[in-house]
Each structure stands twice: as structure tokens, then as C-alpha cells.
Amino acid sequence: MKNILQKRTYRGWDLFFLMWRVSPLYAAVALVSRLLSASCATLTIYATAGFINAALAVVAGTRQLGAVMLPIGGLLGVMLYQTFVTIVIMRYINARRKIYFRKTLRPMILRHVSSLAYWHIENQDTADLISRVAPKFDTEVVACHDAVLSLAGQALSALGVVVTIMTRAWWAGLIILASAAPLMYIAKKAGERSYEAQRETSKIHRRYAYLSGVLTSRDAVEERTVYGYTDALNSIFFERFHTARKIQQRVNLKNFIKMKAGGVLGSVIAVATILTMLPAVLDGRIDYGMFIALIGGIINLSRELSWGVNSQIEEIAAKREYLRDLTAFMALETVGDATVLPAPGMDFERIVFENVCFTYPGTEKPVLDNVSFVIEKGRHYAFVGVNGAGKTTITKLLTGLYTNYTGQILVDGRSLRDFSQAELKGLSAVVYQDFARYSFSLYDNIAVGAPDADEAAVLEAVELIGLTETADKLPCGIHTPLGKVYTDGADISGGEWQRVAMARSLVNNAPLRILDEPTAALDPVGESRVYSQFEQITRGKTTIFISHRLGSTKLADVIYVLSEGRIAEQGSHSQLMAQGGLYAEMFNAQADWYADKKEREDAYA
Amino acid sequence: MPDRQKAKSGDGALPRVPFWKVVRAGFQINMTALPALYIVINFVSIAHGVSHGVSTYVTQLFYDSVEKALRTGAEARLVIASVLAMGAVFVGRELLNGLHNFMHQVAFTKGSGETSRRIHAKMGRIDPVCLEDTALQDLINKAQEGAFNTRYIMNLGITIFTFYLPYILFMGFYLNHLSPKFILAILCVFVPTLFGQLLKTQIIAKFEDEAAPIRRRFDFYDSTMTGREFFKETRLLGAFKMLMGRFLETCRELSAAEWKATKKENGLELVITLVSTLGWGGIVYLLVSSLLGGEITVGAFAAVFGSISTMFGVMNEAFSHLGNMAKNFGAAQNYVRFMELPERGGVKMAADKSRGIVMENVSFTYPGAASKSIDDVSLTIQPGETIAIVGENGAGKSTLVRLLTGMYKPTEGRVITRGLDTAAADGPSLFSGLTGVFQKYQRYLMTLGENVTISQPGSGEPADKALAAAGVEVAADTFPDGLDTMLSREFDGVDLSGGQWQRIAIGRGLYRDHDLVVLDEPTAAIDPLEESRIYKQFMNLSKGKTAIIVTHRLGSVKEADRVVVMDKGKIIAVAPHAQLMTSCEKYRDMYNAQAKWYEN
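Chains as they are written, first to last, in the numbering used here: chain G, 208 to 812; chain Y, 1330 to 1929.
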């Protein structure tokens, strides 16, 4: 199978050919089955004509009863094909096809998404694009092909009927051909318009759907109850809902009128065609059986041209939109070997940030503005600063999630930009503020921290971080799945989750450990305990610690104070306190709450 | 159906809702949202159903006229008239079809709006404590889907009676009129197809039960590799390989389950197809023999022959609708269950704002919980007093606050807030004069002004005073449209920082008329300067009012008149800070654990 994910513009013909590139076999089966189905309409006309004529001849006594057998056999064949083959057998094949495409294409697209540059995940627009393209890639490739085949099948089937009609009454065939164009045009317009209408109203829909969320969400229950805004908001919701509904309804009405105008026109043309054929029937140029069979064909045809084509075109418009999304999706920036395992045995002596400037893609305000600092092996560093000062951004640069910075980040003199993904992963272990809560077992949640984590290491981390009690109270101990994904999953508290995240970094052997506000969800006692364990937890490692609780930063050898994207101050706790700058101001703001030391000493006395 | 799965695993054990209640609920929605349209639509539906039958009949008339003209050489006028009649019926059928579908769409959308309105209103009346019960929370999430299913069942049920039944009855009479033998043949197809379809529904439902947990895992492993909440960690840890392995394993499991269900379903389909093929053969045989026997005309023969497949198709469709109704019933019950959830209730009373709050021997157990969250607690708060509540995570601080305000009713004992028994008074009476900034303060994706005035609907006061008091500067660079600036980029507005949102939440709290203030401190990370500033705003908010403050930073409680120390659902001490430092060991330990980091 050729790789169908390419950086290129996906065009109309890809609707058809994408599937062929994945599996020529399944595509061919679909094509043949559709061709056969398309020929059924014509076959039915001939068999019906034969059957009726034969039956009439038998009634008239001119032929034996056996004469009806051949046309009946033909009809039965068509019927069996349409039921057994297109329903039963194709269902088996389509079920296998679905499984095959999922198995083949899902991993492919997942691998691709996993390799995207990180900022695409954080950026709302590209994240939306990804969620529009990736989850249905496997089914859409098939659906694109099916949509084209359906339309082509309908056209072929119609052509067969028209040709049959022409052999008997060429003028009737011409009438149909001449009227097919405007009918198709109406159908196409209505189909496209209806697709556009759906897109337009989905925007309005979001406005009132949001209010619905506020009125029912669990998080809003306190404000909703105390402020008592349910009735007021509900009226706004209802009003907006009906505004949107009326807009949609107008579009729908126009569409229905167009569609039905097509349908009525189709019926009129069918009747007109039948009328023009009448003289030929009455003077025997067209036999009775064929006439009746043709009428059936014409009626079906007019119906299909007016509503069948309509929905097919709507479908194709939607699929073309998908291909446009796919083109945009494939144009997103990727990172080479992003899915590799971390390189083992990484080490460093010195990491240097040299005049690093950074602005998030799609924004204008620089987050880091000429930042320079040094991280040396074996020492503890703290980054402090007001919200939005760029602390977390530094960790994102250090771990290679963003590379579009200016200046240099050097690890032992080598630019971080030259590091392979494996090396980047091997360099640091991070406990994020918004760490991942994987809904699998507690054990796996910790073991996922390192590919080579053995059971002893995991159990040691559990013990060290104080999760033993948590593990014991779970129904299957450490192997109990967490969260709601597995049926026997158990919930643990926010504080416990935070410990899990810390244990995850403990099993990791990366030489640089980064803790981004690791204590935010812990209560004072838990927090205090983590600080006390800090030395032990970070034994011998180089650590970068980001926290708002400035008490904890005292544990650092060097504190970097970030302000407005720059390193405003640096030094040890006592140095910075002596400087009396921003750090001292922040520290005192917190320390003030605990200021009356005397009072406490009295209490001990 | 996720719902069935729930019932099976037994953790929900929700009672079964009788079918008539579901139908009644659907009927109520339709009758409120679209009373006139709803009646008209059913007449249109009947006409539409009959028009399909009439089409077959006029086709026969036309075929007969042609045959007669051929046989007797009669003039073409009759034939032309019957073609035109047939055309008129076709056009009529086409128009009825359009009208029916369009009206259905209108009815459906109107019904959706009404459903949402009902669910929102019910949410406003529900006892807030219901939201703490995970089983009920689940039910609330499923109410919308349940309402959809309720209306689906209702509408399908009606359509079967007003569309399919008229068509089938018409065809029945018509065929019976031609020859009673046809009815028998049709019955022979009818019954097995009906059972087959119902059986198929069961197979599908069973598969859904089995597949739901696998699918959940499938989506989960997908999201661990591509979801925003996992992305950076999965990448940095190099967990892709392991997660992909699990994903593929789940994918295989899902495929196996799907294939198994396909085989079963298709086997059944094969039988149904066989039966209908036999039925088709039988009818063709009857047609030929009736024609040979001179019982029916050539036209009737051709017309019936031409409509056999339509007839089978319609029957199959009607039966699969019956199956769908059965399938949707499971989920539909959730709507009725939701609408029957207990409400906060209470009667309207006037509060005496000069009085404080008295809590007498109050215990509280969350629904579905095994142990008490608040255990025999008594507390009196004087008007104008500032009370701080401290304790470890899970000690019961937030629950205590919710009992004090009357949001929750005590399981045992009673709470009298400003002269009102919280178990007897209704929400609006209890909450008038109460304001707060809550731990989960909301970030409404509305305009800046609306974000503030939402705390007192209908007040009409401008928002700027409250915003100014909360320290929000309505400057043109952050809020280009002033108070009308849309917040959040999702609706083409501006993005705010966490600190700014928090100030707006304080503004919201200030905007509401109040004499009692609740401040539940957020644990989320804010920098020390912002933190101190916000705390000062908290204090502004409560100046001269009765105030209850829940806090994690023990250093900040010293300004409170009294501190309530909670541990495992009990109040272990109530006293001013200085006194607690000597008298309460727990408090002292907690305080010192934090304070030691700030010793110089």
C-alpha cells in the first residue's frame, strides 16, 4: 500500500483514488458491485417486459406456460442479486473493509498526529482542524469513494434506462435527456445550498449550545443556585435558539421548494414522456409489456434524478470539504522522529540559555525577551515570577516542544536544535502542572515514566512518594485501573494524582528533572511533606523547580526571577532577600501572612 | 446503549420507567412546543401514506386503459385522461412528501428547543446535592440524549400509525379487493419479517453493550496519543510505542466483537431475505395464476407486480422502526428519570437580615455515600462576623459552607440562616442577600458586562462600579469594546489571564446585593502578588458584612474574628487565631507546616 498521507493538495479525483491506493482489492469489489447494481435497472426493464408479454401470451393462449419461466428467472436473478449480493454479501465485505481500513489507516494517522509540531496542538484553530480530520480518516477515505461510486452508479443506471427507451422511442429518450440537465442543475444547487446552510447554522448553534452548558454543568452549580440566573438565561437561550431555528427554517423551506420543484417537474416530464410514447404503443410499434416496463423505469428515473442525485451531490460537497481539510492538515509542520523512545544514558554538564527570545506562534507579544542563564549539573534551580512571566515556556523550550526561538540553547556547547528527538526525551523528565492522567492502572501510570522501568523501581517510587496507602485501598491494589475508561476503574483524589505524576518522574533516569508547580493540588500538610522529601526525591539530580509557594524555593541553590520575559534577578534566597527586589517583595507578600513569629514562639513556650 | 451497560453492571440500579410515561413525556413536549402543527402534521402524514397506495391504484387504471385501448381499439382519450390522472397523483404525492418532511423538520427543531428549555428549568429546580452523586450526574449527562430518544420513540410511534398503517391498510383493502389470496401471501411475509427485525434489534443492542466498553478504551488510547491533555507528556516520555501497542490490541478486540455481531446479524438477514424472496415468489405465482384464471385485469397484474418491492420495502422500514423504538427505549427512560429527580423545593419566606446563622447538631451524608461528611456539628455565626474555615483536603470545609448557606439541606439537625430554616425555605428566599466567590468560579463566554451582571438578573445597574471595586480596569487595550467586549476567543472575543478572570469573578460577587458573603479560595496557581491582592479584595467584599471564608493558607486567617478548624467532618475547634495557636494542636501543626518555609 502506498502512503496516502502526503504534503500536497488533495483534489476532486482523490475522492475516488485515495481508496484505490489503500486497497485496490476492496476498491475494485466496490466498483464491480456498483456496476452490476447499475445494470440491474436496465435488466429489470427487459425481464419485466418479457414476463408481462409472456404472461399475456399465455392468457391469450398463444404460448405455453413455460414461456414465463425465462423472464421470471431473469427477474428472480436481479432480485436475488439485489438482496443476497448487495445486502448480505456486501455487508460481510463492508464489515471486513471497515475493520481493514481502521486497522491500516488509524495507526497511520495517529502516528502522523503524534509527529506534529507541538504548537499545532496548543493552537485552537489547528487543534480543531486535527480533530476534524484525524478521528474519521479511515471511514472518510471509504466514504469519499462510495459517494463518487453512488453518483456514477446512478448516472450509469439512468443512462441504461435512457438508452433502452431510445431503442424503442428515440424521441422519448431525447425528452428525458433534454430535461435531465435542468433537473440535475436544480438538484446540484439544492444539494450544495443545503450543505452550506448546515455549515452556517452550526456557527449560530454554538452560541446557544454554550448557554445550555452553563445551565446544566456541574461546575456552575454554586453560581447558578446562589445567583439564581436560570430563568433569565433560559429565556435568552430560548430566544437565540428560535432565532437560529428561523434562519435555518427559511433556508430549509427554500431548499424543500427547490427539491420538490425538481420532483414535480420530474413527474411532469415522466407523464409527458409517457404521453409521447402512447401513439407508438397504440399502433403496436412498442409492445405492451415493454411499455409497462419502460414506465416503471421512467418513474424510477425521474424520482432518482430529482431526489437521489440531490443527496449524492450534497454528500460529495461534504467530502470535498473533508479533502480541503485534509490538505490543510497535511500542510501542518511535523517533527521528524517524534514517536521514538528516549535515548538512554543521556548526561550533561552545563545547559546555557543565550539571549533566547520567544513568541508563541500566532501571537505578537514576546514571552521570553533576551533570556540568558546557566543550569549546572547536580544543582537545584527555582524559577519564580508573576503569572505569565514565561516560567513554563522555558520548560517547553528545554524539552524541544518549541524550536522557533531566537538565540541559543546550548547543552555542553551543542545546540539543542541539533538534538534528535530521542536525545531530547532522554535529557529531561517533567512533572507538568497539567500532567497527564492516563486512565489505565496506577502501576502503568508510573511505569510509563520510563521504557525500562522495572517493578522494583515502580514500587520504590510508590513508597517514596507516599502512595502505598492509596494503592492498598484500591480494589486491585496497584494494578487497579484509574478513571472511568475501564469498567472496573477507580477514582483517586487530585492530590493523589499529583503524587502519581511525581512518581512517574521518579522512575525516569533523565539527568534533568523539571517540576512545574508540583504541589498545586496538595493541601498544606501534603505540600509541606513534599518539600521535606524534596532532597530525597531529587537525589543527585539536576532540578528545575517552578512554584508560586515561595517558601519552597529556599531549597534551590539558585533562584531565577522572571519578569516580563526577562531574568530580573538571580541568586540564592538570602542574596535575593538582601537585594530587596521583586523576589523579596513576593516572598514577603506570602511571608506576611505568617509574620508574627513571636506569636508562634509564644505558642511553643 | 451505554445505558443498558450501566444497568447490567449494577452500579446504577435505576428503576425501569413504564413505557406510557416515556410516551407521555414525548407527547407533552410536542404539545407544548407545537400544538397546532402537531395535529396538522398527522393529517398530512395520513394523506401522504394513502397517496403512496393511491399511486399503485391509478397506475393500474392507466395500465388497464392502455390494455383496453389495445384490445378494443377504443379511442386514446381515456388513455390520455388516465395518464394525466396518474401524473396528478404523482405530483400530489410528491408535494405531500415535501410538506410532510418539511413539517417534520420544523416540528423536530421546535421540539428540541422545548426539550432543552425543560431540561434547563429542571436543572434550576433540582436539589444541588444531586450533582454530587456520580450516578445522578451520569443521569443528568444522559438527559439530553434521553429526551432525543423520547421524542424519537414518540414520533416513530405516531408515524407508524399515521403513515405506514394507512398505506398498509390501503394496500390490504386494494389487494383484498383484487383477490383475498394476496392478503394471505402478504401475511406470510409480514410475520417472519417482523420477528426477524425485532431479533436483529436485540443482536445489535447486545453488540452495543459489549462494544461500548471496548470503544471507550479505543477512544481513550487514541486520545493518549493525540489529545491535548496527554500530548506533550506522551511525547516526552516516549510512550507512543507502548500506547500504540495497546491501541492496536483494543482495535483487534473491537474488530473481533464487530465481526462476531456482523456474522450473527447477517445470518439473520439471510433468513429474512430468504423469506421475502419466497414471499415474492408466492405473490408472483398468485399474480400469474389469478391473471390466467381471469380474476384480475392485466393492468392490476402489472401494477401490483410493479409495487411488490415498494410494499416489501415499506414493511421492512416500518418493522425496523419498531425495532428502533425498542432499542431507544433504554436511553429514553433517562429523560423521564431526570425529570423526576428530587427538587430543592421550599416555600417563599422573608429573611431577617439582622440575624446570623445557627447550626444545631447538623449531620450530612452525600447521596450514595457510606459515611457522614459532616458529623454532628453545631456552630453559631453572629451577624457582621468574619469566620474562617480551615482544614485538610476532604475535611468537609466546602460541605459545611454549603450547609450554612442553605444550598444543601442537613440530613440531621437544622440550620437557621437569617431566621430561615434552610430545610423549609425556598432557594430565592435563602439566597437573597447572599453573594460569593466560589472555588470553581465561572468564566462565562459572554461579554465583560454580562459576566458581572449575571449575579443579579434584572437588576439593571451598570457593571462598572463593581468592576472598579474588584480592581478591573476597563482599558481599551484589554477590552476594546468596553463592557461589551466579548470574552474568550471561541466567540471572537479576547483572551484573559487567570488573574483577570478571578478579578471579574470578584466583581460579579460585589455586584450582587449582599449582607452575607462566602469566599471559597481557589487552589489554582496564582502568583504571590496577585494572591495577596485578591485576598485584600476578598476582605473588601466582606467589610461590614457577615463573611465565611474557606482558605488553605493558614497565614491569611488572622484577620478573621474566629477560625473554625475542621477535621474528618467535625469541628474540632472554634476560636480566634491567637487562641488556637495555644489551644489546638492540629491547627498549630498545620500552621507551622506552612509557616516554617517563610522563616528568615
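Simulated from the structure, these hints should not be mistaken for laboratory data.
Glycine is no exception: its CB is placed at the ideal position from the N, C-alpha and C atoms.
Some hints here could point you the wrong way.
List time: in silico DSS-like cross-link candidates among lysine-lysine, alpha-carbon distance up to 27 angstroms [unchecked claim]:
1. Y/K1701 <-> G/K343
2. G/K305 <-> Y/K1589
3. G/K691 <-> Y/K1701
4. Y/K1589 <-> Y/K1535
5. G/K305 <-> Y/K1535
6. Y/K1589 <-> G/K343
7. G/K410 <-> Y/K1535
8. Y/K1701 <-> G/K305
Here are some, though not all, of the chain G residues that point toward chain Y, as calculated from beta-carbon distances under 8 angstroms [said to hold, decoys possible]:
9. T432
10. D438
11. V458
12. N459
13. P658
14. K761
15. V765
Of the hints given before, which are not true for this structure?
Per hint list: 1, 7, 8, 11, 15 violated.
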